[in-house]
Structure formats: C-alpha cells, structure tokens
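Read top to bottom, the protein sequences are chains A and B.
Residue numbers for the first sequence follow the working numbering, beginning at 99 and rising by one.
Residue numbers for the second sequence follow the working numbering, beginning at 99 and rising by one.
One thing to keep in mind: the hints can contain errors.
The list treats identical chains as one, so a pair stands whether inside a single copy or across any two.
[Stated by the list, open to error] In silico lysine-lysine, DSBU-like type, Cα no more than 35 Å apart, as pairs: (1) Lys186 / Lys231; (2) Lys126 / Lys245; (3) Lys231 / Lys403; (4) Lys260 / Lys439.
It should be emphasised that the hints constitute simulated quantities derived from the structure, not laboratory data.
Everything numeric in this text was worked out from a predicted model, so none of it was measured.
There are 2 protein chains.
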Amino acid sequence: MQNKKIILSDGAGGKSTHNLIENIFLKKLGNPILNRLDDSANFPLPIRGVYPALRCGAHPPTPKGVGYKSGATTHFRLCFTTDSYVVKPIFFPGGDIGKLSVCGTINDLAVMGDKPLYISLAFILEDGLEIEKLEKIVSSIAETSKKAGVEIVCGDTKVVEKGACDEIFINTSGIGIVNDKFNISGHNARPGDTVIISGTIADHGIAILNARQELGLTGNLGSDVAPLNNLVKKMLEAGEIHVMRDPTRGGLATTLNEIAEQSNVGVEVEEKKIPIKKSVKVACEMLGLDPLYVANEGKLIAIVKEKDAQKILSAMIKNTLGKNSEIIGKIISKPKGVYLKTKIGGTRILQMLDGDQLPRIC
Amino acid sequence: MQNKKIILSDGAGGKSTHNLIENIFLKKLGNPILNRLDDSANFPLPIRGVYPALRCGAHPPTPKGVGYKSGATTHFRLCFTTDSYVVKPIFFPGGDIGKLSVCGTINDLAVMGDKPLYISLAFILEDGLEIEKLEKIVSSIAETSKKAGVEIVCGDTKVVEKGACDEIFINTSGIGIVNDKFNISGHNARPGDTVIISGTIADHGIAILNARQELGLTGNLGSDVAPLNNLVKKMLEAGEIHVMRDPTRGGLATTLNEIAEQSNVGVEVEEKKIPIKKSVKVACEMLGLDPLYVANEGKLIAIVKEKDAQKILSAMIKNTLGKNSEIIGKIISKPKGVYLKTKIGGTRILQMLDGDQLPRIC
Chain A
99 MQNKKIILSD
109 GAGGKSTHNL
119 IENIFLKKLG
129 NPILNRLDDS
139 ANFPLPIRGV
149 YPALRCGAHP
159 PTPKGVGYKS
169 GATTHFRLCF
179 TTDSYVVKPI
189 FFPGGDIGKL
199 SVCGTINDLA
209 VMGDKPLYIS
219 LAFILEDGLE
229 IEKLEKIVSS
239 IAETSKKAGV
249 EIVCGDTKVV
259 EKGACDEIFI
269 NTSGIGIVND
279 KFNISGHNAR
289 PGDTVIISGT
299 IADHGIAILN
309 ARQELGLTGN
319 LGSDVAPLNN
329 LVKKMLEAGE
339 IHVMRDPTRG
349 GLATTLNEIA
359 EQSNVGVEVE
369 EKKIPIKKSV
379 KVACEMLGLD
389 PLYVANEGKL
399 IAIVKEKDAQ
409 KILSAMIKNT
419 LGKNSEIIGK
429 IISKPKGVYL
439 KTKIGGTRIL
449 QMLDGDQLPR
459 IC
Chain B
99 MQNKKIILSD
109 GAGGKSTHNL
119 IENIFLKKLG
129 NPILNRLDDS
139 ANFPLPIRGV
149 YPALRCGAHP
159 PTPKGVGYKS
169 GATTHFRLCF
179 TTDSYVVKPI
189 FFPGGDIGKL
199 SVCGTINDLA
209 VMGDKPLYIS
219 LAFILEDGLE
229 IEKLEKIVSS
239 IAETSKKAGV
249 EIVCGDTKVV
259 EKGACDEIFI
269 NTSGIGIVND
279 KFNISGHNAR
289 PGDTVIISGT
299 IADHGIAILN
309 ARQELGLTGN
319 LGSDVAPLNN
329 LVKKMLEAGE
339 IHVMRDPTRG
349 GLATTLNEIA
359 EQSNVGVEVE
369 EKKIPIKKSV
379 KVACEMLGLD
389 PLYVANEGKL
399 IAIVKEKDAQ
409 KILSAMIKNT
419 LGKNSEIIGK
429 IISKPKGVYL
439 KTKIGGTRIL
449 QMLDGDQLPR
459 IC
C-alpha cells in the first residue's frame, strides 16, 4: 500500500523505499535497463546506429572497408549510477559528506564488476554555509577521487535560501566501463554459492549516530567509508563472482533480502561468523539497534561460486579494505528469504528493513 | 575576492558563481576536462587501455589482425553533464520541476552537438510531500524523456525531515555520444561569426517569478522549458556551428560574456533584433528586471560561420522550438566583452550578471 505522503522511511532503503520504487518510479518510468534495480545501470552504446561518422578503431585507423558495415550496431557497454548525499552531520569520524559522495558512487559501479572512470559533482548549498567547510569537503573529494583513480569531469552548484536545505547536499553520478568477461548482478545468486562479507558491519551507521547525537560513546567508532574498486579488482582476478553489492542503507539484512528476491533463492547466514567490532556491538546494544540493519559504506557482500570461495577470500584478506573478510553463509534453493542461524542454535527470519532505523545516514 | 560564507548569488550563474568555481572547485579539482567549463564534459573512453577483452566491432566481428593492436587505445568519445534543480514553485505555467530537470540536462548535451541517450534521476524529498505531487512530477519526467528520445536508466531517492529541504530537489545527469564531425565549444567563437538566438528571451524567469510571488500578471507568461535536441539536430545538418549554449541562469547577457571570455573575442548584439514577448517586456519593466539577464530554459544561442548563417536560421525557423529565431549580432576581434547597440543608437557594455536577479529559478 502506498501512503498519501512521503515519510522518512521512504528513504531508508527498506520495504517502504521498495514500495515507492515499484508503485511510482517503475510504474511510470520503467524500462528493461531501469527495471533491473542493480547498483548501477549497464547498457549498450549503439555507436553505429547513432552516428555513421563515428568509427571505433580510428586510432589506429580502421582499414578501408573493415569494421562497421552499414547499419551495424556495436554492443559496447557502459555503466552509470547516481546518488544524492544528505548525511548529517556533514563531518564525522572517519570521513565527511565529500568522501562519502565519491566512495558511494565508486562502490556502486565497482560492485557490478565495472571500472569507475568519470564522476559528476553537483552541490546544493545553503545560503550562509561557511566557505571553510566547503573547502574541506572539496579537498576531501579531490583526495578520495585521486586515490581511487577516478576523475571529476563536470559539476553544478545551486544555492538555496537559509532553511531551504541543511548546509550542503551533494549528488555524484558515475560512469564506468563494463567488463564483458564478468556477469555480476543481484539476479545471479545460485544455490550452493558462498556468501562473503568484506569486514565488520555497522561501522558507518554507528559513527554517524554517535556524531549526530553527540552521544559521547568512546572507543573505535569511525565510519568505514572507503572506495572499494581496488579490492574488487583483486577479487575478480581470484575467482568467479555472481553477485556483489555494498550493504549501505538497510544494512546487511536488507541487502541480502534484495538479492534473495531478485535471484529467487534463500540465503542462510551464521550469526557467529558475521564480523562486528566490540565497540560497535556495545553501542548497538545501548541504542537498541540491530547491527544487521545498520548502514555500511566501505563493505561489500560477495556471492561467489563455492569452489572459488577460498581463493576469493584469500585475495580479500590481503587487501587492507578486506582484511576482516569472512565467509558468513550460503545460498539455498528454498525456502526463499534470508535466515540467520543464531549463536544459540536457533533460526531467525531476517526481513527487509521495515521503517527507518536512522534517517540521513548517507 | 572570495567571501567567507556562501551567499545566494553564488548560485546565480553570474560573477559570483564564476569566482566560486575558480577559487574553490577548479583550484582543488581542476583537470583538463573539467577546466573547459563547457555545458557538458567531453572525453575519450580508453577502451583498449582498460580492458583488453573489450573489442569494438565485436558485432560484426573484427577480422583477425585488424582493429586493436596490443596496447592501442581507442579515442571513442562520450559526453556527460549534471544539474540539480531546486526551482520554486515546483509547478509553474508551462512546466514543473520534473520537465525542467529532463530538459535542462538534455539541452546541456545537445548544445555541445552531442546526442543525448541516457539520464539518471535522483530525488531529495521532504518528509510530508504529497504523493500526488510526486506522481505528477514523475509523469512529467516520463512524458518529456519519451518525447525527447532519451531513457532514464538509474535513480536514487533520499528523504529528509520536514524543513531540511523545500518539498523536492531533483538531480539529473546525462550521457550522450559525441559526434566527432562537429567541434562545438564555448572556446570556438571567431571574429566574423554570426550570433543567432532561437526565440524570445526571459520567458522562463518571468513565468517562475509570476508563479512564485503570485503577482497575478496576466497575458502570455508561460515558461519556455523544452528539450532542444531535435532543433539542434536540424541546425547541425544546415551548416557550420562553432558555439552553442543555452542561456539559463544569468540570461543572454551572462552567457554571451562566458563565450566572449572563453573565446577571447568581443560580441556585438543589436537590441532591436532580440526577440521578446510584449507581455514579458511589460512584466520586466514593472518588476525592474533587465530581460537580458533573465533565465531561459528552451532557448539557445548559436555562433555560426557567417556564410552558413542564413541556412542555419532557415532550418531553425522551420522547427516549432526555433520559429522565432533571429540573427542578433556578430563576433568581433576587439574590443573584448559584450556590447549592446541600443535602439536609440548608443552602445551599452553588457557585463556578466553581478548579484542575483532571482534565486531558485531552476
């Protein structure tokens, strides 16, 4: 059922967001590319079909009569993704809205097996924002994009009056090249596949909440925000990967539910295998939050061919950003859905996030 | 001089915006693609350099030994642009924020001579927004993109609490294919070139102001918002075009200043040739606004080879969206800057917009 007004949980990445996407966006805008709802769109560029003058292979020159026949279409593939960032506060332990906006978009491309290349950057700024803050954010964007090997190629700036936005919102969109050797999608999990997580969960969400509410929780509570494209590169070289996704809004449990639904399979995960920092666990207990539903910004879930799982895991552990990777479960044919084998030996059904644990997490 | 705080005019597209871009964005993020500051970024895709497995011409197959040599890089070119839309009110005579967000991005690609293909769509929604409004906006996006022949391929939705944004903000980014036959850029105006405008100026800005302030001005005061890609296609077939740009924020005068600066030339325009609706002229006089600085969303400036000007103008006039096109001036080698020959025979220097005539116009 679609509500008559937008509510906060429509942006939380859980059930309510999925309803909005189904009932409004896909209903009116749906097409075969958009409908896949993967982390980035993947599509052919109909080069020949569009511009007869464009010829691949112009450098070096294409010999006369070779290459494009009249009317032929090249299925050269690109990927494209977009995200707006409204995180509050804009500076937090481990990062800021600038770093987050570059990493989030890089990760959405990388988890599809694509190579991120170019990023756009659009600001909505509130009248009165201190230039010093903007400079810090732009420096952070510059540093993160350089480190990840992507280029900012276009931008936009809008300013709204005081009170019409909250300090600064950023949109980044990203373009990458699809590697046709790989076929990675939320639709590709198969029974028998192994489920890997690239490190400790819930770090980002707890870092934001601690910073926002000034809870004063101490200990190791920084955000995990990081660009995952180099980790992914190593993983792709190590073995066959069927699904990758970064469990941001809605956390591990919601992302596994999305995959279970898209691939029409079940997912069984073992609670005791899921890595979580002690400080984060304690913070979650104090705040009454389930870490399985708390956002991550530098982690990925990989669902891989069983026989390649150890090789992929080893490659991940060698990378700084994957050093705490763990095999946490497997894909089953039925029952459909996501099941958690608890530490005390029971089984708990993990639903998709219902409601909003924490708004403006990213 | 850079202020210490963001002010509304930093988003107005005039001097203040240009300072911010120079002092903060280009200083920290500058690269040869971004530095051009054209309406869309235009760059090569290093296909071969990135993925040896990818071969252009795979359909039909590339004959053995032909096309890509080991290590060769293809200079296949794409274009990419981004814009956030914060227009207020979100519904106005002639359009709404949805139509505007699709047209704006299509136009930024089209005026570079590129063919717009794919668009991303990211919403920031305020808690409490009526779903009925969102549905109307999404319908308008669907209709406009269909009409213009572009596909929405990816999206994002964020929701912020009441008061943290104003109803709805939209970001669209767009990808297109560069046609290497053309070389269109703000840097390419040459002395002797002819300046054409595709129709009446200031329609969009006055429509928004009338709707926002409920001024109750009557007459023909709708926004001109429209996708210009089909008009551009006809123009490109008609003759040699050096520069095209859509005079949005800052209006005709600011856009001509940008071109004069980028191309290091002067621009001379004749006031009596500049088309303007009588109702818009009267509204501007009543409100104390100079129509030369008021935003347009369905118009373009073309700077073309003098001997092709009449052919291009004829092609424009045949198109509904260019039926009021006029030749309004010419490019001169010096003095640099923009000069208006007034109706009474004087000459007025047109500076870039200083301050903000009207915030949240797009």
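Indices of hints not satisfied (ascending): As far as the earlier hints go, 3, 4 are violated by this structure, in ascending order.
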